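With the hints as extra help, turn the sequences into a complete structure.
When we follow the numbering used here, the leftmost residue of the sequence shown carries the number 53, and every step to the right adds one.
Since the hints were derived computationally from the structure, they do not count as laboratory data.
Since the model is a prediction, treat every value here as computed from it, not as a measurement.
Be a bit skeptical, because a hint or two may be false.
What the hints assert, rightly or not - For lysine-lysine, the following DSS-like pairs were computed, each having C-alpha atoms within a straight-line distance of at most 30 Å:
1. Lys111 - Lys180
2. Lys187 - Lys163
3. Lys130 - Lys145
4. Lys128 - Lys111
5. Lys306 - Lys180
6. Lys187 - Lys111
7. Lys174 - Lys163
8. Lys130 - Lys111
9. Lys134 - Lys145
10. Lys180 - Lys134
As the list claims (entries may be wrong) - Ranges of calculated distance between the beta carbons of each label pair, as one might list FRET restraints:
11. Val144 - Gln277: 37 to 43 Å
12. Gly273 - Lys128: 20 to 26 Å
13. Phe255 - Lys145: 29 to 35 Å
14. Thr409 - Thr309: 50 to 56 Å
15. Gly173 - Arg229: 37 to 43 Å
16. Phe142 - Pro352: 48 to 54 Å
17. Thr161 - Thr272: 57 to 63 Å
18. Phe255 - Gly279: 26 to 32 Å
19. Phe143 - Pro352: 35 to 41 Å
20. Gly273 - Asp243: 16 to 22 Å
Ideal Cβ placement from N, Cα and C applies to all residues, glycine included.
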Amino acid sequence: MTTSSEAMGDIPRLRAALEASAFDAIIACSPENVRYTSDVMIDTMRSIRDRLGFVVWAKGRDPIFILCRVEEAYVKQKSWIKDIRGYREFFVKPIDLLVEVLIELGLDTGKVGIELEYIAGKYLMSLKAQLPNLKVEGCDELFRTVRSIKTQREIDALQAAFRGTEKAMLATFATTRVGETEYSLSRRLADGIMLSGADIVAFNHINAGPNTGFPHAAPTGYQVQQGDFIKADSGGWYPGAYPSNVGRTAKMGKPTTEELDTWKRLREIHHTIADMLRPGNTGAQLFAEAERLHDKHGIPFPFAHNGHSIGLELHEYPMIRPEETSVFEPGMVCTVETRVRYVGVKGLHMEDLYHITENGPVLLSDAFDNEEILVI
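Structure below.
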């Protein structure tokens, strides 16, 4: 068993947010927020959707962890939470145990926050049917706000994840040969991500030639040709359940003058937007500038976002998007994702991770310098 001070996330910040909220208690139920609150990732919560887990945290008290009994022994070893309640799958419904705990805490007529963006409708209906006087509201924004500021442990984990994936991409690109299929590229990159320390590959999109014009195409039997671009947008889940999300581009053979000019313009946009990742700026401001710069450089910009925070989820907030009015703060991280796609022809992609500090952005994805197109 660990202590809350050893957790990856900021447990004191979460406790303070609870105490300052209008809720009598908050209930984490998504795999990510259960992991953040308890400091344990239960993988089967992702793969078996009805194997629910809850962390019930009432004001002025320590949290209670409700989970499937098959995971109980592991969680007792790993989590800082001491009060762990296991249910026997198929014999006890997890919502029924949640109801018991809420009654025990005197919250059956209280006001609780739960993740309405995650919990399935049938479970919420069951909770309300059994506790008709319970007031239930969403606490998703509370968790988002707390998690948006990363601890140093989280930043270190994210940097290690990105660097691992970058090195895997560089090794894959550098050993690509004319005639190799996308299937082969995908498998070698997946192997590289795993060998770099990932627990599992999260997603793996590596394509060549005309298939680079798609954002997330599955690998095919297409064979790399001389003159092709090769584009990767891939990531893994690394220790602590923190992911990577890296974008890089290479060229099979010497780029043309036009291709080099396009890449230079994309890099100028990339650097300008990255430099705006400063406290006080908003994602909406960065998105508007990205639109302006793409228009200035004659590069199409049909995108809904131009980067995002990342943590226990691949896409977290704040994001670089038109609706993002929350300001960047020191301790946040954000990717900048600069790309252009011509469907059926080609696509170029770069994605980097930055740590936002008082003095400006710090590049965390620094293991594969893509300032110039990698020539294979």
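Mind checking the alpha carbons of Lys187 and Lys163 for me, to see if they're no more than 30 Å apart? 5 Å, holds
16 to 22 Å was suggested as the range; check whether the CB atoms of Gly273 and Asp243 agree with it. 19 Å, holds
Could you check the hint for me, namely that Phe143 and Pro352 are 35 to 41 Å apart, CB to CB? For Pro352 against Phe143, whose Cβ atoms are near 57 Å apart, the range 35 to 41 Å is violated.
Are the Cα atoms of Lys306 and Lys180 separated by 30 Å or less? 64 Å, violated
Is 57 to 63 Å a correct range for the gap between the Cβ atoms of Thr161 and Thr272? 58 Å, holds
Given the hinted pair Lys180 and Lys134, is their alpha-carbon gap at most 30 Å? Holds - the C-alpha atoms of Lys134 and Lys180 are around 28 Å apart, at most 30 Å.
Pair hint Lys174 and Lys163, alpha-carbon separation not exceeding 30 Å: The given pair, whose Cα atoms are some 20 Å apart, holds under the 30 Å limit.
Does Lys130 pair with Lys145 here, judged by a C-alpha cut-off of 30 Å? Holds, at roughly 24 Å.
Mind checking the hinted window 37 to 43 Å against the Cβ distance between Val144 and Gln277? 59 Å, violated
Assess, step by step, whether the Cα of Lys187 is no farther than 30 Å from the Cα of Lys111, and give holds or violated. 15 Å, holds
Sort out whether Lys111 lies within 30 Å of Lys130, counting only the CA atoms. Measuring from Cα to Cα gives roughly 24 Å; hence the hint holds.
Holds or violated: the 29 to 35 Å window for the beta-carbon distance between Phe255 and Lys145? 33 Å, holds
The structure fails hints 5, 11, 12, 14, 15 and 19 (numbered hints given earlier, in ascending order).
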